[in-house]
Structures are given as C-alpha cells and as structure tokens.
Amino acid sequence: MTSPAIEAVWRIESARVIAGVARIVRDIGLAEDLANDALVAALEQWPTEGIPRNPGAWLMAIARRRALDLLRWNKRTERKHQEYSWASSTVAEDYVANLNSLMDDEIGDDLLRLIFTACHPVLSTDARVALTLRLLGGLTTAEIARAFLSPEPTIAQRIVRAKRTLAEARVPFEAPRGAELAARLTSVLEIIYLIFNEGYTASAGDDWLRPALYEDALRLGRILAELASGEPEVHGLVALMEIQSSRSRARTGPSGEPILLLEQDRGLWDQLLVRRGLASLERAERLANQRGPYTLQAAIAACHARAVAADATDWRRIVDLYSELGEISPSPIVELNRAVAVGMAYGASAGLELVDKLCADARLIGYHLLPSVRGDLLAKLGRSEEAVSEFARAASMTRNTRERDLLLERARAITEYPNR
Amino acid sequence: MRFMMIMIPGGYEKAAPGTMPDPERVAEMMKYNDELRKAGVLLALDGLHPPSAGVRVSFKGGTPAVKDGPFAEAKEVVGGYWLIQVKSKEEAVEWAKRCPASDNEVIEVRQVHDFPGD
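For the record, the sequence lines run as chains C and Z. Residues in the first sequence are numbered from 1 upward in steps of one, following my numbering. Residues in the second sequence are numbered from 421 upward in steps of one, following my numbering.
Next comes chain Z alone, as it looks inside the complex:
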C-alpha cells in the first residue's frame, strides 16, 4: 500500500515568497531521503514553495474564484511530501517517526486510495 507523508511546517503559512529551507536542514533531510530510498520504499518526494507564492481557487456557488497567497485563514499548510510504498500503516508511521523534523513540524500520514486490482 501507498502512503503519503505530508510535512506541515509551523509558520510556513506566513513565509515570504522565495523562502528557502536552511541548508543544514536540507542536508539532514537528504540523508533521510536516502534512507527511504535505500530501504526501497520511496516512490516520490517533493518540497513546495510557500503559500504566499501560491494561489487558491475556490468554487463557492459553483464559480471558480481565484485568490493570491498568502492566505490569512490558513492555520496549517503543506510544505512537502513523501510518497512511500510499505506493507502496513504501522510501517508508514515508523518511517515518519524517523524523519529529522524540528520542533515546529508535523507529519501527517495518509493512505493513498487503492484502485481495484492494485
């Protein structure tokens, strides 16, 4: 089964466009990514620009409305994700626990819907 580990960095909702993660943290994360890759579980990963550089398209009343970031209403925003393939939810959680995340970060572990026949 596939799981997405969604990184939610506290404060990222307010980060300025072009904010880059600290190189030391990047090096640590790359080591972690390597660990996932060496274990044969990593399918894909990406880091996202802050929401201040993003756009929200909402559909209230059935009409798309476009709004530029940052979004004052957002309390938690996605900073990036890992897509992994493992045998159980517990295994996904175990991998999430190994992430060298900092004090203000949260990882949400979510199972990806399986297609019939998967």
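Isolated chain C, as found in the complex:
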C-alpha cells in the first residue's frame, strides 16, 4: 500500500466492498479478489486524480462492475468450472436486484452475511479468526501473522484453505434465520471474543499489533451491535468487552507486572468505556427473556465497575450471577469463580468448602488458579502452612513468569508474616 490516505479509505470501506460483491458472486474468496482489483485501480488513479468525493461508492462501483463482467463472461463461455458455475446459477436474479442503487441497510445486510460466512462452523476456529480479521477487520495477512506470532505463509495458507472449504461446502452467502440463528450467532460471538482476549492478554512488551487486536474485536462487536441490534447477546458481549477494556490502564504496574482486579487503582478505569459498557448491558437485559452467558459475564463485570472501591463490591449479587451463569453454561471454571465470590460474600470457610469439592474435578487438574484460590482462602483462615504450599503448587503450574513471581511472592509474604 503506497498512500496512508488510501489505506485509511480502504480500512473503512473494504469490508463493505467485499460484502457488496459477495452478494453478486456468492463466493467470498472471489469477492475479495474483485474488491482488491478495485483497490489496485484506486492505487493507480487516486494519486494523480485525487481521492474521489465518495471513495466508498467509487470502489464499490469498480468492484461490482468487475463482478458483473466476470459473471457475464462465465455465462457466455458457459464455463463449468465448479467455483464459477455455482456463482453464475444465481446471477440472473441478483443482477437485477443489484441494478438498483444499494441502500445503506442493504449494505448492512451484506455485511452481516459476510460476518456469518467468515465465522461459519464448517471452518476451524483458527480459520474463522483469520478470515474475520482479514475480511471484516481489514487486516493484511502480514498483520494477522504478526498479531498471532505465526509465520505469514501459515496464515496465508489458512485463509486460502478456509475460502476453499467454504466454496466446496457450498456455504450460501446468507445470514441464518430461525432456529439456526442462535447457534451461528454463538459462533460469531465466540470468534470476536477470542480475538479480544488474544489482544487483551498480550503483554506490554509485545508487538503493538497484538494488543491492537482487542480494539479490532471491540470495533467488530460495535459494528455487529448495529447490524444485529435485536440480539441481546451481541450487546452482552459488547458490554463485557467495553467494561474489560475500561481497566486496561490499571491492570499492569510500571514494570508490566499484572495487578489483580481488587488491587487496581479504580481512578485509572476509563469511565467513558464503563458508561458505554453499562449502556450496552442495559440494552442486552432489556432485550433478553433470559440472560445469556455474555450478558451474565458483563453483569458481573458491571458489579465491579459500579463499586467505587474494592470493598464496596456487591459480592452477594456476584454470587447470584455466577449461579445463574453456572445453570446455563455449567463449567468448573464458573464454579471456581463462584467459590471466590462466595468466599468474599459469606466468608472464607464457605468459599473453601466449595473449592474443596472442586478439587475432585478432573477437568481442573493442572489448572493453576485452583490451588491459587485455595491458598488465598486458607491464608484468610489463618491456615498459613497449607496456604504456602498451595501457592507454591500454583506457581509450579503456571507458565506465565509474571504470574509465577506473583504467586511465589504471596507464599513468601505468608512465611515471613504468618499472622497478617
């Protein structure tokens, strides 16, 4: 890419152009190629002729003209290449539909189709992530590779294979309806949240493209919240991401060491993002008959966001929310979190009772937070020796060096000041 100004236009328009073309050719791989043709034309013409008044419409017009040319040519020569015959079988109807100027909400529909197609369950998780970032996030293959610490050819191949899989499976360029919608939406939300976490857990020393992933995810979430505004869990996920990112300034210390939620300086929490998160949560709760997993997690995050100080946290409410979450998506991790909340709301021994039950759960074997939580509760109960050995055990289980340091530090502190 030669000009930052053209790059900026492309970042804004690429997903819309790809989606608008995919509506005609019904193949997102082909659609991306045609959209890229339009970008190449822009790179040739704009530097001398200037950026047009409406660059998005310009790009869309070129890409769609190429798409229609291609389909007409395919029809004329009656090529029966499988990837194109599939597309041309639907051309007549779509050709007419596309003679009308595209309304804004039509582009919205196309974008929604593009999101659902890129996150189609026929694809592996890795493939969905790469395709979503490429087609909707506007990231280049090189950027995705850097963000995921993978070699560029690996990502390039993954994207090529994903497109082929979609074509071979004849995945229609459609947004699902009815009963299928819920499952497909789950797949989309899962990918967005995965991208978010990939960026959010990146450490300060990482390439900046890694942390930038969480902003990409947030942007995708906000776009989806406009496109699928009636879906409560979309707002729930956006709320969760907004509230989590509100803490980005507070969650690490000066040398990059992690700072636990309850020890964070709440003055550093970004109140703009908190407010946005709370507003999204309100929308989610207004729309939902029964709160889904993202909405519940957001509601828990909101309990922390609303508390002016750590000791003002409404732990009883958090316990209830974890119970509700455990009912709709049971998992030992949720139970462990619930045990922490119970320990805060009803005392350490009540929490420990729950944690001890979880120690028998095979799914938590090797999970360092189990001994870490247990150590914390034991320390509160004055059972120092047991607490120290639990922290040491937790430290030996984590691969994250900063986390290990933190755990060993806690063990050391108890040994030195056992009565504190």
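Read the hints as simulated data drawn from the structure, not as lab findings. Here the structure is a predicted model, which is why all the values come from computation and not from measurement. For glycine and all other residues, C-beta sits at the position ideal for the given N, C-alpha and C. Just so you know, not all the hints are guaranteed correct.
[Claimed, not checked] Counterexamples of contact, computed for chain C against chain Z with all Cβ distances above 10 angstroms:
id, residue
1, T154
2, A156
3, A182
4, T186
5, N289
[Said to hold, decoys possible] Derived list of chain Z stretches under chain C, where covered just means 3 residues or more per stretch with a C-beta under 8 angstroms from a C-beta of chain C:
id, segment
6, 454 to 461
7, 485 to 497
Here the structure of chain C is known, so what remains is to put chain Z in place on it, guided by the hints.
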C-alpha cells in the same frame, strides 16, 4: 488511538444564547453520526450551547476571574465534538472529510493523549 473531531462553526462566537441548529442540518448530522456508529468508531459526541451562554474563567496573576459570554476576543469557538477510535490519523481525517459540514464550518482533528498502557 483516539481522536477528537472538533467542530468550529463560523459565526458561532456571535450566536445568541439558545440558538439552535437548523432541523434540516440536524437530520443530516444525525445520518453522519449513524455512519460513525455503524462503522464502530464512534465513542462519544456532543453539541455545545453558544459561548454567549457560557462563562470564561481566566487565571491571570494566579487568581481566577470569571467573565460571562459572549467574548469579543474569540475568533473561533467550539460548537461540538466527536470522539472516535481509529487506527491512524489518516483514518480520522477521512472520517472528518465525510462530515456534511457547511461552507462556514471547520473541523479540527486532534489526537487524544494516550495513557501508558493504552
């Protein structure tokens, strides 16, 4: 990164208190705001009452002095702002260019200071 797009409407420095924008313009601006929202870049926006209804607090000599608007010395005043989150300054500028602003309006694009760790 975050940018503030600051709207500077010519003549607003002289506008009477309670001056409201023309409804047709408001409708156009709302369409633009929607565009920003649908693109997932809009964080916040606000429109401001004219400076004739405002107050200036100055600190010459270290003592706060309060003066009611309008302010004869003001040549350019802020009419409102959009706070957006984008990937580059160029992207912010591209969004500013898309604003349905009129002949006498200027948008100043300014980056918001990042906190360490952002």
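Here is how each hint holds up against the structure:
1. Against chain Z, the non-interface label of C:T154 holds: every CB pair exceeds 10 angstroms, the least being about 24 angstroms.
2. Distance to chain Z confirms C:A156 as a non-interface residue, since its nearest Cβ pair spans about 22 angstroms, more than 10 angstroms.
3. With a cut of 10 angstroms on Cβ distances, C:A182 stays outside the contact zone with chain Z, its closest approach being about 23 angstroms.
4. No Cβ of chain Z comes within 10 angstroms of the Cβ of C:T186; the nearest lies about 21 angstroms off, and the non-interface call holds.
5. Interface exclusion of C:N289 from chain Z stands, the closest Cβ pair being 26 angstroms apart, more than 10 angstroms.
6. As drawn, the segment 454 to 461 of chain Z meets chain C at 5 residues by the rule of a beta-carbon pair under 8 angstroms; at three or more, the given contact holds.
7. For the segment 485 to 497 of chain Z, the stated coverage by chain C is not satisfied: 0 residues place a CB nearer than 8 angstroms to a CB of that chain, which falls below the threshold of 3.
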